[in-house]
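From first to last, the protein sequence lines stand for chains A and B.
Residue numbers for the first sequence, in the numbering used here: 1 to 526.
Residue numbers for the second sequence, in the numbering used here: 1 to 526.
Misleading hints may appear alongside valid ones.
Stated by the list, open to error - Below 30 Å or equal to it, Euclidean Cα-Cα: the simulated BS3-like pairs (lysine-lysine) are:
| no. | chain 1 | residue 1 | chain 2 | residue 2 |
| --- | --- | --- | --- | --- |
| 1 | A | Lys189 | B | Lys288 |
| 2 | B | Lys186 | B | Lys220 |
| 3 | B | Lys367 | A | Lys186 |
| 4 | A | Lys401 | B | Lys288 |
| 5 | B | Lys189 | A | Lys220 |
| 6 | A | Lys220 | A | Lys189 |
| 7 | A | Lys186 | A | Lys220 |
| 8 | A | Lys288 | B | Lys367 |
Claimed, not checked - Incomplete in silico selection of chain B near chain A, CB under 10 Å:
| no. | residue |
| --- | --- |
| 9 | Ile148 |
| 10 | Leu209 |
| 11 | Leu225 |
| 12 | Ala348 |
| 13 | Gln385 |
| 14 | Gln389 |
| 15 | Tyr408 |
| 16 | Phe410 |
| 17 | Gly411 |
| 18 | Thr414 |
For the record, the hints were derived by calculation from the structure and aren't laboratory data.
Here the structure is a predicted model, which is why all the values come from computation and not from measurement.
Ideal Cβ positions, reconstructed from N, Cα and C, are used throughout, including at glycine.
Protein chains: 2
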Amino acid sequence: MIPLFTRRRFLDLAGAAGGSAAIYQMALGLGLIPAAARADRPDLAPLGARRRRRVVILGAGISGLTSAYELGRKGYEVIVLEASHRAGGRNLTLRHGDLIDEIGNPRRCEFDPDPDLYMNAGPARIPGHHTALLGYCRELGVGLEPFINDNRNAWVQDEAMFGGRRIRNREYITDTRGFIAELAAKSIKPEDLAAPLTRGDYEHVLAYLRSLGDLDQSFKYRGSLRAGMALHDPSAPDVLKQPLDIHELLQSNFMMNIMTFGEGDDQAAMMMEPIGGMDQVVAGFLRKVDQHVRLHAMVESVQVKERGVRIVYHAQGVRTVIDADYCLSCIPVHLLSGIDNNFPADFAAGLAAVPRGKLFKIGFQMKERFWERENIYGGISWTSQDIQQLWYPAHGIHRQKGVILGAYTFGPRTGEMFARLSNEQRLELAIRQGEQLHPGYRGYVEHGVSIPWVRMNNMLGCAAAWTDELRQQWFDLLRSPVGNYYNIGDQMSYLPGWQEGAIYSAWHALADIDRRERQNSQPAAA
Amino acid sequence: MIPLFTRRRFLDLAGAAGGSAAIYQMALGLGLIPAAARADRPDLAPLGARRRRRVVILGAGISGLTSAYELGRKGYEVIVLEASHRAGGRNLTLRHGDLIDEIGNPRRCEFDPDPDLYMNAGPARIPGHHTALLGYCRELGVGLEPFINDNRNAWVQDEAMFGGRRIRNREYITDTRGFIAELAAKSIKPEDLAAPLTRGDYEHVLAYLRSLGDLDQSFKYRGSLRAGMALHDPSAPDVLKQPLDIHELLQSNFMMNIMTFGEGDDQAAMMMEPIGGMDQVVAGFLRKVDQHVRLHAMVESVQVKERGVRIVYHAQGVRTVIDADYCLSCIPVHLLSGIDNNFPADFAAGLAAVPRGKLFKIGFQMKERFWERENIYGGISWTSQDIQQLWYPAHGIHRQKGVILGAYTFGPRTGEMFARLSNEQRLELAIRQGEQLHPGYRGYVEHGVSIPWVRMNNMLGCAAAWTDELRQQWFDLLRSPVGNYYNIGDQMSYLPGWQEGAIYSAWHALADIDRRERQNSQPAAA
Chain A
1 MIPLFTRRRF
11 LDLAGAAGGS
21 AAIYQMALGL
31 GLIPAAARAD
41 RPDLAPLGAR
51 RRRRVVILGA
61 GISGLTSAYE
71 LGRKGYEVIV
81 LEASHRAGGR
91 NLTLRHGDLI
101 DEIGNPRRCE
111 FDPDPDLYMN
121 AGPARIPGHH
131 TALLGYCREL
141 GVGLEPFIND
151 NRNAWVQDEA
161 MFGGRRIRNR
171 EYITDTRGFI
181 AELAAKSIKP
191 EDLAAPLTRG
201 DYEHVLAYLR
211 SLGDLDQSFK
221 YRGSLRAGMA
231 LHDPSAPDVL
241 KQPLDIHELL
251 QSNFMMNIMT
261 FGEGDDQAAM
271 MMEPIGGMDQ
281 VVAGFLRKVD
291 QHVRLHAMVE
301 SVQVKERGVR
311 IVYHAQGVRT
321 VIDADYCLSC
331 IPVHLLSGID
341 NNFPADFAAG
351 LAAVPRGKLF
361 KIGFQMKERF
371 WERENIYGGI
381 SWTSQDIQQL
391 WYPAHGIHRQ
401 KGVILGAYTF
411 GPRTGEMFAR
421 LSNEQRLELA
431 IRQGEQLHPG
441 YRGYVEHGVS
451 IPWVRMNNML
461 GCAAAWTDEL
471 RQQWFDLLRS
481 PVGNYYNIGD
491 QMSYLPGWQE
501 GAIYSAWHAL
511 ADIDRRERQN
521 SQPAAA
Chain B
1 MIPLFTRRRF
11 LDLAGAAGGS
21 AAIYQMALGL
31 GLIPAAARAD
41 RPDLAPLGAR
51 RRRRVVILGA
61 GISGLTSAYE
71 LGRKGYEVIV
81 LEASHRAGGR
91 NLTLRHGDLI
101 DEIGNPRRCE
111 FDPDPDLYMN
121 AGPARIPGHH
131 TALLGYCREL
141 GVGLEPFIND
151 NRNAWVQDEA
161 MFGGRRIRNR
171 EYITDTRGFI
181 AELAAKSIKP
191 EDLAAPLTRG
201 DYEHVLAYLR
211 SLGDLDQSFK
221 YRGSLRAGMA
231 LHDPSAPDVL
241 KQPLDIHELL
251 QSNFMMNIMT
261 FGEGDDQAAM
271 MMEPIGGMDQ
281 VVAGFLRKVD
291 QHVRLHAMVE
301 SVQVKERGVR
311 IVYHAQGVRT
321 VIDADYCLSC
331 IPVHLLSGID
341 NNFPADFAAG
351 LAAVPRGKLF
361 KIGFQMKERF
371 WERENIYGGI
381 SWTSQDIQQL
391 WYPAHGIHRQ
401 KGVILGAYTF
411 GPRTGEMFAR
421 LSNEQRLELA
431 IRQGEQLHPG
441 YRGYVEHGVS
451 IPWVRMNNML
461 GCAAAWTDEL
471 RQQWFDLLRS
481 PVGNYYNIGD
491 QMSYLPGWQE
501 GAIYSAWHAL
511 ADIDRRERQN
521 SQPAAA
């Protein structure tokens, strides 16, 4: 998923004063840089044979499963209470027959029963530096394959340019950059160069601009093979495409982020996805902890005690009370605030203060992989319409059918708009908008599923939508334990909306429990 | 493979006079644009029951196999003579036990017997617009998966900057672009904008530069998350990396092409490769034509006759004469010129006039996938050293072992240099240079294979190294039939070094044969 709110602001605010070196120095000063500060995977001390610790984990999302796995293998007694019919939380892969548990509108996924026909309704990609998640994938035997963000053959369709006509991403990026590089080469003078650049670097700057824009020897942009050819025919000489009109291209500032989307910290190639669906991560954890997970278990009360936590839950008509030494909860904090509890007032206020993201996705089973006939294999098309993106599968290439993501919208306005519609209205709107990218689109649709996260049962939203202000006010408080109770989940990280954030939140809490347990096991001072 | 010589020159020369619109108009004038000009896959007229046509195909490379498949299914009698021990030509995937048929130095590949441990020694990637090859993959059941060129986590190591210290590709690209975008934003004035840009576009240009370089609100580059973070720890606030020194970065003009390599016409994502190795394409064709292929068949003579072609070949001690109606040859033309023939003098001169590429590759079986611990999954690291590139596999993720490409050099000088060394010397040099990118590299190497295409038996070079001058002088002549004899192969295309070029060359010849056969089958004029 895309982080809803940029995490960059924190340091940007500081950096505004003194430039990037200042940012770095500030970070050093804060002790953020040294490797020792890093929240690595905690190596929990095993409980001795005589020590027994019971930990209740509320929610079988990725942070809950991580906690159960780490604690269970070190001798802790673990009970995972999960309100829904399945483990995984927002790690949700939809296949034939799966329940789409939207409040007031539960329905089944009608994709054909076929292992290639699935939709990752929550997280869908893993960058190569998400070492925590990748480490568990390795350890738990979760097979991985490449995921593709950036496909230069995919479409860009922006109502602000070319009358809304679709153009190839490779033309959009190449032609815009070519013209601007030409303009820069014309405008930059040797005297514009300031330290650390030298006068001698002027030629290097020009050479760079030529390479950046694919300019000719006189620094003109005359079109580029990077934009694709007018005609693919290797038995004849190349025919360059005529460059698009730069004035039109520049009207598309609304969409400029897509020109660099695939270069983002968490989005740059090579990205990965589990073979067979993101919920293979859940399956991997469950191979280790399934016996500890109780589904359909609705938590009714969380009471922090002097030496532990008392949980009351309801499952299959039975009310059960558990007294635990520790409690870790990845229940979305805005839902937790509605459950009976005895948290301090400020902590309880914080639970209710953090809003949630409103991501919305649609998946369509298509009876033909028509996009492959348009030379599109994997990747994303972009549109200024509400559906925002179309994703094409990078697996199952050249099979008859495929599931594409027919909408992925992360703006709160469109997320709300889609959520207010009926399932049928959502699909109809997405089909109509999809036609702007792929004429004839409607004719390929066999089944559609819509996932409005704000209306999904036991969720009512997706990632915590932290702002800088909210974070400053509440984050440390909500992440600090109340007695032996801990909030976890991607909501308790600086990377909401990513499984990596969820894992780190669990590690953070587990390290604290481990610290306390190690202290407890010390012989009393003489 | 990378085309050895840019195909762009042809139109560049014309374009220099009048800009890109002129190029396009010229192309229109040449009749290159209309779809009718396109050399689509020929739909050969089936031979009637009474007509028999024998076609001898010299060489079981991709163009030869394409020809055999297309002709065979339309009723032609097909005989494919292949000099080597295997079909496929330069489509060569090396696995456990395979012969590396270097002249004077034949040896075996000692990779472990494991389906994930292979090396594509020839072509290794397929772009999404290579519709000819992709069409056969679909038709012949060749499974495909993504191939990764661009990995921002991979390394760039350039002796011209930072004293040869490796840096991450994401820093190399992001920091350079950020500083130059800042410089451009500072230098470009509203009055620099010329039509079709308007004064009103000035703000758009600035917005574009901000997006391009990830500049701050005052158009300063202060570092970017695109360059990665100083520390990956989602439980703490982000820490930007300190930007690298732009003066140092700009010294690397030698390597600037790598900043846009992954955007090339034939290199931009999403690229593909066959699951299990590129030779699955060969296997796909052989499922249709294996019965027609004679291995170890050395052609001794090609004699064009008035109504056909006589071929003499030698196999297993037996000399055989075949009289065929047609002959298609993908024998490298510089080797063909040494075989007894009766071609016209100018044609024979042309055969000897086209030089060959000198690509060189090394594959290393590594006992650990150490690169994955450096967050590198798939893609390419670049170095200014002779080995030029390291490729990491995008398949077999998180397994114990992997095969990486330890050298891929396409400059003729380095290709020759490596070819002159013994196999052991080549591997030693590549290991020593690899250490600059991955300290400890040597310790991971289990087996190495080197492929100097200039010394490979029955090849003595790879793709035809056409220059504009050579092409103008010889290409049309060599592609025109001599009687019923045709040269084919990627050498007879505008896309040498790519299987797509090979297929189109076959289609070009087959269309001509079909035209002649259709004429022959017309009833005589009354």
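Hints and how they fare:
At roughly 63 Å between alpha-carbon atoms, Lys189(A) and Lys288(B) are farther apart than 30 Å, so this suggested pair is violated. Our distance criterion of 30 Å between C-alpha atoms is met by Lys186(B) and Lys220(B), whose separation comes to about 9 Å. Taken as a hint, the Lys367(B) and Lys186(A) pair is broken in the structure, with Cα atoms around 52 Å apart against an allowance of 30 Å. Proposed proximity of Lys401(A) and Lys288(B) is supported: the alpha carbons are some 25 Å apart, at most 30 Å.
Pair hint Lys189(B) plus Lys220(A) holds up; C-alpha atoms about 18 Å apart against a cutoff of 30 Å. Proximity of Lys220(A) to Lys189(A) is assessed by CA-CA distance (about 16 Å); at most 30 Å being required, the pair is judged to hold. A C-alpha spacing of about 9 Å is found between Lys186(A) and Lys220(A), which places the hinted pair at or below 30 Å, so the restraint holds. For the suggested pair Lys288(A) and Lys367(B), the alpha carbons sit about 28 Å apart, so the restraint of at most 30 Å is met.
Hint status for Ile148(B): holds, given a least beta-carbon distance of 5 Å to chain A, under 10 Å. A hinted interface residue such as Leu209(B) counts as satisfied when its beta carbon comes closer than 10 Å to some beta carbon of chain A; here the least separation is about 7 Å, so the hint holds. Checking Leu225(B) against chain A by beta carbon gives a least distance of about 4 Å; that is within 10 Å, so the hint holds. Residue-level restraint check for Ala348(B) is violated (minimum Cβ-Cβ distance to chain A is 23 Å; threshold 10 Å).
A distance limit of 10 Å between C-beta atoms decides the matter here; for Gln385(B) the minimum to chain A is near 21 Å, and the interface restraint is violated. At its closest, the beta carbon of Gln389(B) sits 15 Å from a beta carbon of chain A; the interface hint therefore is violated under the 10 Å criterion. Hint status for Tyr408(B): violated, given a least beta-carbon distance of 18 Å to chain A, over 10 Å. Violation of the interface hint for Phe410(B) is found here, the shortest Cβ-Cβ separation to chain A being roughly 17 Å, above the 10 Å cut-off.
With 10 Å as the threshold, the beta carbon of Gly411(B) stays out of range of chain A, its nearest partner Cβ sitting at about 18 Å, so the hint is violated. For Thr414(B), the interface hint is violated, since its Cβ never comes within 10 Å of a Cβ in chain A; the closest pair sits about 21 Å apart.
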